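K.L.:
Protein chains in written order, with the working numbering: chain A, 7 to 319; chain B, 476 to 682; chain C, 344 to 809.
If you're looking for bench data, these hints aren't it; they were derived computationally from the structure. Treat the hints loosely; a few may be bogus.
[To be verified] Once the Cα atoms are required to be at most 20 Å apart in a straight line, the calculated EDC-like pairs of lysine to aspartate or glutamate come out as:
hint : chain 1 : residue 1 : chain 2 : residue 2
1    : B       : Lys-498   : C       : Glu-630
2    : C       : Lys-387   : A       : Glu-226
3    : C       : Lys-387   : A       : Glu-38
4    : A       : Lys-119   : A       : Glu-7
5    : A       : Lys-264   : C       : Asp-722
6    : C       : Lys-387   : A       : Glu-7
7    : A       : Lys-119   : A       : Glu-25
8    : C       : Lys-387   : A       : Asp-223
9    : B       : Lys-498   : C       : Glu-633
10   : C       : Lys-387   : A       : Glu-8
11   : C       : Lys-387   : C       : Glu-348
12   : C       : Lys-632   : B       : Glu-557
Since the model is a prediction, treat every value here as computed from it, not as a measurement.
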Amino acid sequence: EEWNVSLWGAPRAFTAHVEKLAELVSEKTDGEFTLNISYGGLSNNRENLDGISIGAFEMAQFCAGYHRDKNPSITVLELPFLGVSSLEQEVELSMAVYNHPATVEDLGRWNAKLLMPSPLPQYNIVGVGDAPSTLADFEGLSVRATGGIGAAMEAVGAVPTSMSATEVRQAMDSGVVKAVSFAPHAHMSFGTIENGTWWTTNLNPGTVNCPVVVNTDAFESLSDAHREALMGSVDEALDHYIANYNGATMEAWGPALKERGIEEVTFADSEIEAFKSVAAAPAAAAWIEQNSAAGLPAQELYDLVTGMIAGDN
Amino acid sequence: MATASLVLEDDSTLSKLDLSLLKLERVLALVSGLAVFSLMLLAVFSVSGRNFANAPLPGYVDWIEQAMPLISFMGISYVMREGAHIRMDILVGQLRGRALYLAELITTLAVLLLMVLLVWGTWAHFQRSFDFGAPMWSRDSSMDIALPLWPAKLLAPVAFSVLCLRLCLQIWAYARGVVTGHTVAVPMIADAAKQAQMEADQLKDEG
Amino acid sequence: MEPIEIGLWVTGGLLVLVVLGMRVAFAAGLAGLVGLVWIFWARKDYGFEDLGWAVGIAAKTAGQVPHSKVASQALSLIPTFILIGYLAYHAGLTKALFEAAKKWIAWVPGGLAVSTVFATAGFAAVSGASVATSAVFARIAIPEMLKIGYNKQFAAGVVAAGGTLASLIPPSAILVIYAIIVEQDVGMLLLAGFIPGAFSAFIYAALIIGMALTIKGFGPPVSGFTWKERFLSLPPALPIIFVVVTIICFVYNPFGGDAWGTPTEGGAIGAFVVFLMALYQGMRWPELKESLLETAKLSVMIFTIIWGVLIYVRFLGFADLPGAFSDWITSLTMSPMLILVCILLAYAVLGMFMDAIGMLLLTLPVVHPAIMALNGGADVAAADSAFGMSGPMCAVWFGILVVKMAEFCLITPPIGLNCFVVAGVRDDLTVQDVFKGVTPFFIADGITIALLVAFPSIVLWLPSLA
Ligand code: NA
Ligand code: NA
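Could you build all of it, start to finish, from the sequences and the hints given here?
P.N.:
Now the structure itself:
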């Protein structure tokens, strides 16, 4: 049994769990069941769900924000200011949403079964020019931000622009954007810290949700032993991912900022609260309204996520 | 600076169909050209918006991505009619008469096979992004401002279907060539007399 | 059968289709589609009842490619840069450049051909696409050369070769595509292309002068222009400076401070400026419509090749041919410089059969990391590296080398796009004629590439200032 797995880019912190999963599955089945990982050879990253749907490959990774209409249910996890504080919590929330019947049905339209998330820490902003010290300083700031984070930036008067990660460096060089929101590993791999002069440590406006899915038919036709080998390896793969992200990646992050003399901007709690109150509630309300209209139990999904976060704190 | 077309005409049904289809193809190709032109205006708009009004055009990239399929697909059949899709004619260029038409018939059949399968494939791609039950019929949307993608995805099977019509016409024409030894409605590899004629036409165009 | 074997068989089949005269875009698409059917069917052990399933899944996989690959912002530079070329023709810039070059330079041996080379180099500064440059100069320069007795094939060759300068001298669509594929700074690459582009033009000129001095009956020099005529020829060509400055300021602001926008926007603004100029020169709807149709024709032709080749590339992804290549390259024990030279030679061979953009799209994801690894990694310092340059500089250097190779392939048989276009514009010339005429320029390009490899500072001096 050989499964093709469609990822993109290069092997990095963001793909460590899939690499680990492949290793574990092969080990447990003595090489009888292998995951053959391709970085970009099998599909465009924005078409990975299409490939799953037609059965061109058996496993794939994608990000919910690439195509809201393909997967409205999981975009709840991309809402701004949910208040997620750790990768472990991000995993727990993602799995709860993934297992919700409405989500199962939503992804079922693509013949896809959600296997595991690729948890990312809260995004923060690297920028050039004068560092903002209050919310008011965001007025008129052009910032690369997508999805819920873009909506949040707009709420405080910034001018959000979307572009693919690969174009960000050039846009920053050329002054098209003055600031960029990314997770730390992306700030490092897409070079924004080479230009940046400041970085927000605690804005934490949200993150993106990038699940790994499998083709349902392929999953169901697995033998019991192979299915057990796959499902039994998910937790260990995620543990490996989190240990690697919190370890190697975040250990490189602090020194990378120091080396380049990037100013760390920390906002007062009152500022963050003010930001949340203008950005979080309206975005959530808009999301609920829009997705209820599309026939999703939006309120229920939102309550599920916020309820779990409230319970954890 | 139009390049003279190498397609012969007569008063047969085949030739009439060729010319009617050509009218449609020219309109579609002009749509491609106008899309390039709007891309240019869009950038002017976006740049001036950003620099003079501090208001960048929202979803600039998304709009570009919508315009690109218009540019790339709509003219495909026109380019086929004019014989402007590139190829290596070192071998076919040596053939004349029936042998030439037979070779052309075979490769054109191969192109038709590909395009019929691609009409199917691109139609399926469109269908996955289209949902009668959803707001704006959209089941797939762009990254920044969530434009529905189905209209752009629909362009591929539409343009490819027109190309399939053109290919059927060319197959008919080449088959006629194989049977009778000469034909119309397909791009010819020019002979000397024809060249001289077109050279003259071109000077007329510029004068 | 192993996927890699299927990959090799289908690649062989593709070559056969192309040689048989099937149009390249469709030959590549068909090879890719058949290859996909084969791969999927092989997974079901060729069961007769599974063939339909394999065809369906292959058609749907291939059917994703056209939309998903062309709906890209980076590729939007291509039609814009083609449009600039046609508008510049109506704005009188092509003619003005050619006239100015003629009056100033045509007195040297082989003068009109040398003038053509420098006029195409000047036009390269407003045109981002090699084929468009060849197309417009085929209309202007070839008739003049024929009038004074140049060999028809050689005249066509000069134009086909001169057109390739457009992709090194900024703006350049292909340099932008390289930068995007390998995630390097676009501005740095465009800057790096300038000197090698000018350098290539001088080597072409030297070659022509050498030929004129040795070959009997070569086109005569054209002299007798007065200084007054020479200076009067300059003003009509001057607007080009304005356009060049506009485009460069969008890519990299030489006056200090931020650039004015992205290269995509720079290209479009450049096109807009030329459009206004053409309006001023009397272009109206009939001419504009004709330009738009020609732009559409060339763009559609190029995009069809792009998605056709990418269907084939998608199949290669399933066959994992690029992965196998990468493993093989990195396991070699030769010196890095020798490997680099071999890779450039491999590009020369591959480029005989593939279109430049398709070739870069196909190979760079594999070859670029291998080159970076050979040099010592993306973050290596110049002192510790194999080629004596830092990681980012190596990416720029290799980019210019690869693009020069890709340009070289635009004039090599059997699939040299520039030659096809020149033959397409001039109906009195066959593709074979143009290939014959362009042959001397292979030598010039060979010398240029050897010098760029031996003296990387020709490429890296300008970007190292930025
Ligand atoms: Na250029
Ligand atoms: Na070639």
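K.L.:
Can you name, in rising order, the numbers of the hints this structure does not satisfy?
P.N.:
Structure breaks no hint.
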